[in-house]
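Chemist: Chain by chain, the residues run as shown.
Protein chains: 2
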Amino acid sequence: MPNNKKAVVLLSGGLDSAVTLYFAKKQGYECYCLIFDYGQRHNKEISAAKKIARISGSNFEIVKISLPWKGSSLLDKDLKIPQVTRSPGHQVTGQIPNTYVPARNIIFLSFALSFAEAISARAIFIGAHSEDYSGYPDCRPEFYRAFSKAAKTGTKTGVEGSPIKIVAPLISKNKAQIIKAGTNLGVPFEFTWSCYNGGRAPCGGCDSCYYRAKGFKNLGIEDPLLRNFKR
Amino acid sequence: MPNNKKAVVLLSGGLDSAVTLYFAKKQGYECYCLIFDYGQRHNKEISAAKKIARISGSNFEIVKISLPWKGSSLLDKDLKIPQVTRSPGHQVTGQIPNTYVPARNIIFLSFALSFAEAISARAIFIGAHSEDYSGYPDCRPEFYRAFSKAAKTGTKTGVEGSPIKIVAPLISKNKAQIIKAGTNLGVPFEFTWSCYNGGRAPCGGCDSCYYRAKGFKNLGIEDPLLRNFKR
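Protein chains in written order, with the working numbering: chain A, 1 to 231; chain B, 1 to 231.
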């Protein structure tokens, strides 16, 4: 049901951004999802994102960008994705992992801002949360505050007095809380894809699989995605 | 002469960014130019940018991005580029002109930030100045201050204590002062392209042509670009 309250939602195909989309819908926004094709190692995320956008009845745009520089194992197949089960994850070491893509969320938010201005949207929703991925600087509340200020001072809408809000509804939630919220919102978790590797089934060993599994386990519920891979 | 002091320079092919590049070189930076192919109405700017990067002995990368939304006459051929000679420019009306591309400089700076982190550059140079193009919110000092804060809080380098500097050396200069500085730095103005239209010769009537011509006139020197089009 179209209305005049539009939001741009950054949709990756993972669990967090899917919950964020349903959160924005619940708040009455007509959602426009931005899905980035930025040279990921695999395209399972993008297929998942498109499916979720469709199921939720939202509009979406695919934005293709090239980052002709290296430096992240999410883009560079010569680098190994760290396996929590083999070496301590960044939660343990406190270091920024090699899955960090330089300034990725800043790039995504900048496109979202441009799109939001072009379609007169009032808000941008992003599924970042600091608890599980505390290793990523661009998932922290202080970054979102700073980016909001840049968005306010650097855009026509901002200067004219109605800045576009940057909303990160999951920022203070942990994975189990996010899954619980998503369950209540009816998020189709079976179509989300979190694994950094692009195999037929989730690898179960990367940071992303690890925290997803831990979240479902803490809630005492089964991950509906895994049902697809049972014999 | 490669050294360890690297800078990323946003190079558009116009006069301002060319002066900015030479300014960065003068400060001893090894320069890496980022040239954006973002669906401009014509590709004369991109050709000019490549030529200037080569002449200056700098490295460059072309970044192709798609903005699948409309809203600016610089991207949308259905919209008319405003002509200063026919209707008052934004300097007169105080309005943001339709050549404004939503959040364009934020997008460009975000890519520059990602690139700068990937190559361990210390600074990003951008040729924005507020005097001639006061209509563009993302050319104002307050925007650069806010973006610097976002860059500091949202990147690995920033969090680790050595944030990448955002340098806008022309921010307080007018067009004549920029041309004067560029002349002293040996900028090859004959290869820069400012006109918003992509004709064989500059149209002479768009905002960009108008302010360029005014700058040269105020200095009492001839624009070397125009020599190419004399019979």
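Some hints here could point you the wrong way.
[What the hints assert, rightly or not] Among the chain A residues that face chain B by a calculated CB cut under 8 angstroms, a handful are:
(1) Glu-30
(2) Leu-67
(3) Ala-103
(4) Ala-150
[Claimed, not checked] Just a sample of chain B residues kept apart from chain A, beta carbon distances all over 12 angstroms, derived:
(5) Phe-115
(6) Lys-152
(7) Glu-222
To be clear, the hints were calculated from the coordinates, so they are not data collected in a lab. Note that CB positions come from ideal geometry on N, CA and C, so glycine has one too.
Chemist: Determine for every hint whether it applies to the structure shown.
Modeler: Status of the hints after comparison with the structure:
{"no.": "1", "hint": "Glu-30", "in the structure": "violated (15 angstroms)"}
{"no.": "2", "hint": "Leu-67", "in the structure": "holds (6 angstroms)"}
{"no.": "3", "hint": "Ala-103", "in the structure": "holds (4 angstroms)"}
{"no.": "4", "hint": "Ala-150", "in the structure": "holds (4 angstroms)"}
{"no.": "5", "hint": "Phe-115", "in the structure": "violated (5 angstroms)"}
{"no.": "6", "hint": "Lys-152", "in the structure": "violated (7 angstroms)"}
{"no.": "7", "hint": "Glu-222", "in the structure": "holds (36 angstroms)"}
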